[in-house]
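Asks: Just so you know, the protein sequences line up as chains L and F, in that order.
Be aware that the first sequence starts at 375, since it is given in the working numbering, and climbs by one per residue.
Be aware that the second sequence starts at 41, since it is given in the working numbering, and climbs by one per residue.
In short, the hints are calculated from the structure, not lab data.
Be careful, since some hints might not be right.
[Unchecked claim] In silico EDC-like cross-links for lysine to aspartate or glutamate, where the CA-CA straight-line distance does not exceed 16 Å:
(1) K125(F) / D772(L)
(2) K130(F) / D106(F)
(3) K125(F) / D607(L)
(4) K52(F) / E816(L)
(5) K125(F) / E816(L)
(6) K52(F) / E814(L)
(7) K603(L) / D137(F)
(8) K52(F) / E646(L)
(9) K52(F) / E102(F)
(10) K603(L) / D55(F)
(11) K52(F) / D772(L)
(12) K42(F) / D137(F)
Every value quoted in this text rests on a predicted model; they were computed, and no experiment measured them.
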Amino acid sequence: MRNRALRIISGLGGVVAVLAITPSLGFAQDVYEPTTQDVLNNIWVFMAGVLVFFMQAGFALVEAGLTRAKNVVNIFAKNLADAIVGVLAFFACGFAFAYGGDSKWIGDSMFFLSGGDAFGIAEEGALSLSTDFFFQSVFAATAVTIASGAMAERTKFTGYLIFSVVMCAFIYPVVVHWTWGGGLIAQLDYGTDEVPVVFSDFAGSGIVHMTGGIAALMGAYFVGPRIGKFGADGSTRAIPGHSIPFAMLGVFILWLGWFGFNPGSELLADFEVPRIALNTMLAAVSGGLATTIVIWAKTGKPDVAFIGNGVLAGLVAITAGCGAFNYAMSAIVGAIGGVIVVFSVLMFDKIKIDDPVGAISVHGVVGAWGTLAIGIFARYDDAFLGRENAGLIYGGGDAGPFAQLALQATMILIIGVFVTITTGAVFAAIKATVGLRVSEEEEIEGLDVIEHGLPGYAPDAVTSR
Amino acid sequence: MKLITAVIKPFKLDDVKDALKGAGITGITVSEVRGFGRQGGHTETYRGAEYKIDFVPKVGIEVVVDDAAVDAAVDAIKTGASTGKIGDGKIWVSDVDRIVRIRTGEEGTDAI
Numbered sequence: 375m376r377n378r379a380l381r382i383i384s385g386l387g388g389v390v391a392v393l394a395i396t397p398s399l400g401f402a403q404d405v406y407e408p409t410t411q412d413v414l415n416n417i418w419v420f421m422a423g424v425l426v427f428f429m430q431a432g433f434a435l436v437e438a439g440l441t442r443a444k445n446v447v448n449i450f451a452k453n454l455a456d457a458i459v460g461v462l463a464f465f466a467c468g469f470a471f472a473y474g475g476d477s478k479w480i481g482d483s484m485f486f487l488s489g490g491d492a493f494g495i496a497e498e499g500a501l502s503l504s505t506d507f508f509f510q511s512v513f514a515a516t517a518v519t520i521a522s523g524a525m526a527e528r529t530k531f532t533g534y535l536i537f538s539v540v541m542c543a544f545i546y547p548v549v550v551h552w553t554w555g556g557g558l559i560a561q562l563d564y565g566t567d568e569v570p571v572v573f574s575d576f577a578g579s580g581i582v583h584m585t586g587g588i589a590a591l592m593g594a595y596f597v598g599p600r601i602g603k604f605g606a607d608g609s610t611r612a613i614p615g616h617s618i619p620f621a622m623l624g625v626f627i628l629w630l631g632w633f634g635f636n637p638g639s640e641l642l643a644d645f646e647v648p649r650i651a652l653n654t655m656l657a658a659v660s661g662g663l664a665t666t667i668v669i670w671a672k673t674g675k676p677d678v679a680f681i682g683n684g685v686l687a688g689l690v691a692i693t694a695g696c697g698a699f700n701y702a703m704s705a706i707v708g709a710i711g712g713v714i715v716v717f718s719v720l721m722f723d724k725i726k727i728d729d730p731v732g733a734i735s736v737h738g739v740v741g742a743w744g745t746l747a748i749g750i751f752a753r754y755d756d757a758f759l760g761r762e763n764a765g766l767i768y769g770g771g772d773a774g775p776f777a778q779l780a781l782q783a784t785m786i787l788i789i790g791v792f793v794t795i796t797t798g799a800v801f802a803a804i805k806a807t808v809g810l811r812v813s814e815e816e817e818i819e820g821l822d823v824i825e826h827g828l829p830g831y832a833p834d835a836v837t838s839r
Numbered sequence: 041m042k043l044i045t046a047v048i049k050p051f052k053l054d055d056v057k058d059a060l061k062g063a064g065i066t067g068i069t070v071s072e073v074r075g076f077g078r079q080g081g082h083t084e085t086y087r088g089a090e091y092k093i094d095f096v097p098k099v100g101i102e103v104v105v106d107d108a109a110v111d112a113a114v115d116a117i118k119t120g121a122s123t124g125k126i127g128d129g130k131i132w133v134s135d136v137d138r139i140v141r142i143r144t145g146e147e148g149t150d151a152i
């Protein structure tokens, strides 16, 4: 009797002792404890996302400033609305299509952000789901809002809303999935077993800006030019914007936001962040300078609206290579962007595509240039390239001088074809159903009162009954 | 000498200007005005409250011409400003007693 009791008690005591000395065993072992660096990474990327979000104000101001006062409510409404529906669409399924799973073509998990850890990270260097989604959603909002400028002053609000939903729910996410999400384009390799050659687009010259710019082109094409923009004799008429101060404030705000867009894409809080920011700054000012010189020489006057476009062109141009370039090449690539944008804007007028703010040129054409420029000027490993000296002028870094350039060109082609076809289909469908363009009377009267019931600049004495 | 005043739809200003030039009339004064004739306003809502937009933006035009040129000028404005829809506007002609060119001091028809 006493032996059995002793055995039971010592057995229990043994179990208690084991449990007492190993408190960290059991389910607690699977939770990763974030370090200070992990927290810094997430806080930085989140703040960068806040800066990128503020670019929505920048886009709205540029577009409002470069269009007429009678449409100012509509421009702000479109910019507000595409952020609203865009982020919701991205939350519902866009993020999932972009990053859910390993499929080559499209994501298939994390709809409504399900299945992820909302409160922490799984491993060192990771971003929490909240940080990741927050940052990615403001990029999606950037991509979709580019089109509103090119379609300004004659597009139906309902038609534009439908486009915004489809763009953020499907079109942009697929482009992301094929690149940052590890799909189709990310799996291209133009190198060898020893030296792989894969795509690079650090913050999205191609993925975000060129995609948005092509959507803008399709939208401007399907909605048609504004009444009076092109004369019957083929001449192009200037339709001056109503507020250069708005436009310039918008440029500054976009410029500010880009210091989140590019350095935030490092996805870490490290010394690359300020270096990338400096590359971004140099490209912006070089783009502005280059455009100043070109437009001053061409027309005899430094056209401030164009110079604003030039700064933005420099920023778009550096967005792909901001990690891979050194200071000098960042300035050069930005300057080339500033030259390209002038001729691109003039070219689109010649082919009768009416783009009131130059969005197609700044984002579409220069976005392609920025993506391609990696193939020419890449010097450092930006965590995509996987090797140094990938650019043509540096010899290509063990993979031959042309491999990276060829891959960047392929990437531009694939994204270009996909976005052209899908956005073209969306706009054609909207045009054929709910209608894309407002009536002639409404366009002449101004969209503010008729689409939204509010004049943008109401006289103080407003009669009410 | 006559003063021709017209109220027209804003987007027709370019057409009126070209028509007047075609009729040999240089010199025009333009203002941004608001008004209505028999054209009605419409009701909108602002933050839930209804209000009426009675006054429609228009452009006012003033041209001083020689008596002989009045008919041509009125026709030019009428053709240039017409859309056939409600709200096209009105033209009226009144007398001018005296006119002076400020720079030179010329008066009368020389000052037109």
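Asks: Given the proposed pairing of K52(F) with E102(F), does the C-alpha separation stay at or below 16 Å?
Replies: Distance of about 15 Å is within 16 Å: holds.
Asks: Do the alpha carbons of K52(F) and D772(L) lie within 16 Å of each other, as the hint requires?
Replies: With Cα atoms ~66 Å apart, K52(F) and D772(L) exceed 16 Å; violated.
Asks: Can you confirm whether the C-alpha distance between K52(F) and E646(L) stays at or below 16 Å?
Replies: 57 Å, violated
Asks: Starting from K130(F), check that the Cα of D106(F) is at most 16 Å away, please.
Replies: With Cα atoms ~20 Å apart, K130(F) and D106(F) exceed 16 Å; violated.
Asks: Tell me if the straight-line CA distance from K52(F) to E816(L) falls inside 16 Å.
Replies: 15 Å, holds
Asks: Between K603(L) and D137(F), does the CA-CA distance stay at or below 16 Å?
Replies: 42 Å, violated
Asks: Taking only the CA atoms, is the gap from K52(F) to E814(L) under or equal to 16 Å?
Replies: 14 Å, holds
Asks: Does D772(L) sit within 16 Å of K125(F), going by the straight-line distance between their CA atoms?
Replies: Violated - the C-alpha atoms of D772(L) and K125(F) are around 72 Å apart, more than 16 Å.
Asks: K125(F) and E816(L): Cα distance at most 16 Å?
Replies: It holds: about 14 Å lies between the C-alpha atoms, which stays within 16 Å.
Asks: Below or equal to 16 Å on CA atoms is what counts here, so check K125(F) against D607(L).
Replies: It is violated: about 26 Å lies between the C-alpha atoms, which goes past 16 Å.
Asks: Is the straight-line distance between the alpha-carbon of K603(L) and that of D55(F) 16 Å or less?
Replies: Within the cut-off at roughly 15 Å; holds.
Asks: Has the given pair, K42(F) with D137(F), been kept, meaning a C-alpha gap of at most 16 Å?
Replies: Satisfied, since the Cα-Cα distance of roughly 9 Å is no more than 16 Å.
The structure shown violates the earlier hints numbered 1, 2, 3, 7, 8, 11.
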